[in-house]
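Visitor: Sequence:
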Amino acid sequence: MIDLRSDTVTQPCKDMRRLMSNAMVGDDVYGDDPTVNELDQYSAVKHGFEASLFVSSGTQANLLAILAHCDRGDEYVCGQNAHNYKYEAGGAAVLGSVQPQPIENLPDGSICLDKVVAAIKPNDFHFARTKMLSLENTIGGKVLSLDYLKEARALTKKYALILHLDGARVYNAAVALDVDVKEISQHFDSMTVCLSKGLGAPVGSLLLGDRAFIEKARRLRKMLGGGMRQAGILAAAGIYALKNNVARLAEDHENARYLAQRINELPGFNSSGYEVQTNLVFLDVDSSVDMQAFAEMMFSKGINITPGYQGMRFVTHSGISKDKIDVFIDAAKTYLKAN
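Sequence positions in the sequence shown follow the numbering used here and run 6 to 344.
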């Protein structure tokens, strides 16, 4: 199957599977799984934080961050398109009574810092207490500049706000900028990292911050049912991903640019309005194309796509090569010519 739906569909490679099968394990809820402990220690150092917590998903990592930083009746400022506002089932509001204050994202993925300042509530009991600014990098495949992150850090220091990063695809950002991930993480009080997207692990994310924050998040993780037992089998995959699968993200970015170029050969498909910076390709599809029928035909040919995602979205990852992109384009041309 050629699967262009998301980089969450990546499959663990043979070497990763071998490491998982041989992982030393214990009971992580008791804190004695040696492989989980190794991942937590290694990732804390790698990202420049005091401590790290291995969790089941990026959604859980973001939720834990919000709940650990904010109290009931607080609010966090974020982008209108932020995952922890738009795509994570309203968890902060539902489970934490924490109010999101969304601000529209600019075309480059950032949010206007002047509007962030304007959204900060005064110290008045009529208002929710503005506690945190949450950024996302990458967001919609766009990379936030290091200068922008520096400006955001200065703003949060001035207004005594916490700065959190949803870094689900932060390594795509680091590779695109050609910098070590610490050049990004240094600006934040906490951050998340997904191991199960382009990095290729089957399960899991990281939450990083100072020790007191991580210990609070660990307690909240248990409350949310996120305590895992012999989780070293999964943590071993995360260790492998961080040590072996970062540099190859550049291949995904190159393949995304190639896909965006070739997609314009299809009548009714146009990616020219969207800049490809990392591994996400967005495009417009003419209304004359029956996207549901197109997706069903592609699936019958062994090609899995999601019709109608913000126009349409394709994602490159370790399972997508230029040859497979060519197979998709050829199949699409055949279908569109006949229909």
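It is worth saying that the hints were derived from the structure and are not from the lab. All C-beta atoms, glycine included, are put in the ideal place defined by N, C-alpha and C. Check the hints yourself; a few may be wrong.
[Claimed, not checked] With beta-carbon atoms standing in for the labels, derived distance ranges:
1) G278 / D129: 25 to 33 Å
2) G273 / D185: 39 to 47 Å
3) V184 / H131: 41 to 49 Å
[To be verified] In silico lysine-lysine, DSSO-like type, Cα no more than 27 Å apart, as pairs:
4) K91 / K120
5) K120 / K163
6) K306 / K329
7) K51 / K126
8) K51 / K120
Visitor: Confirm or reject each hint.
Guide: Comparing the hints with the structure gives:
1. G278 / D129: 25 to 33 Å: 43 Å, violated
2. G273 / D185: 39 to 47 Å: Since the Cβ atoms of G273 and D185 sit about 42 Å apart, the hinted range of 39 to 47 Å holds.
3. V184 / H131: 41 to 49 Å: 43 Å, holds
4. K91 / K120: 19 Å, holds
5. K120 / K163: 15 Å, holds
6. K306 / K329: Cα-Cα ~12 Å, so holds.
7. K51 / K126: 35 Å, violated
8. K51 / K120: 33 Å, violated
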